[in-house]
Amino acid sequence: LGAQGAYFAGRNDLNNRGLVAPFDVVAVDSVAAGDAFNGALAVSLAEGKELEEAVTIASAAGALAVTRTGAQDSMPQRGLVEDLVRSQRP
Numbered sequence: 001l002g003a004q005g006a007y008f009a010g011r012n013d014l015n016n017r018g019l020v021a022p023f024d025v026v027a028v029d030s031v032a033a034g035d036a037f038n039g040a041l042a043v044s045l046a047e048g049k050e051l052e053e054a055v056t057i058a059s060a061a062g063a064l065a066v067t068r069t070g071a072q073d074s075m076p077q078r079g080l081v082e083d084l085v086r087s088q089r090p
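For the sequence shown, the numbering used here gives the first residue as 1, with consecutive numbering after it.
Derived by calculation from the structure, the hints in this document are not laboratory data. We put the beta carbon where it would ideally sit given N, CA and C, even for glycine. Keep in mind that a hint or two might mislead.
The following label-pair restraints were derived from C-beta to C-beta distances [what the hints assert, rightly or not]:
1) 31 to 4: 26 to 34 Å
2) 69 to 17: 30 to 38 Å
3) 88 to 34: 14 to 22 Å
4) 30 to 89: 16 to 24 Å
All chains, please: the whole structure from these sequences, using the hints.
Given below as structure tokens:
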């Protein structure tokens, strides 16, 4: 959903679904936003995080990616993703 957030739905639990609100960033280039989202989602799920938390982290990674131009240069470091989540999600 991009600027509208990220919808998630659990595969085995139909009640495990929802919308993660978008992060407040200034977008300059959407290149690699999906790559950042998918990478962060895969890592979060592999680490055993619950789906909603994993999607929140992935959404933050995608949000940070759009704040920089290019593909490789826009990939956010983990610490920056964690900082964004802490600052915008109480």
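For each hint, the structure was consulted:
Distance hint check: the CB atoms of residue 31 and residue 4 are about 19 Å apart, inconsistent with the given range 26 to 34 Å. At roughly 34 Å, the beta-carbon separation of residue 69 and residue 17 lies within the given 30 to 38 Å, and the hint holds. Our hint of 14 to 22 Å for residue 88 and residue 34 holds, since their Cβ atoms are close to 20 Å apart. Separation of residue 30 from residue 89 is about 22 Å and conforms to the stated range, judged on CB atoms against 16 to 24 Å.
Consistency with the previously given hints fails for number 1 only.
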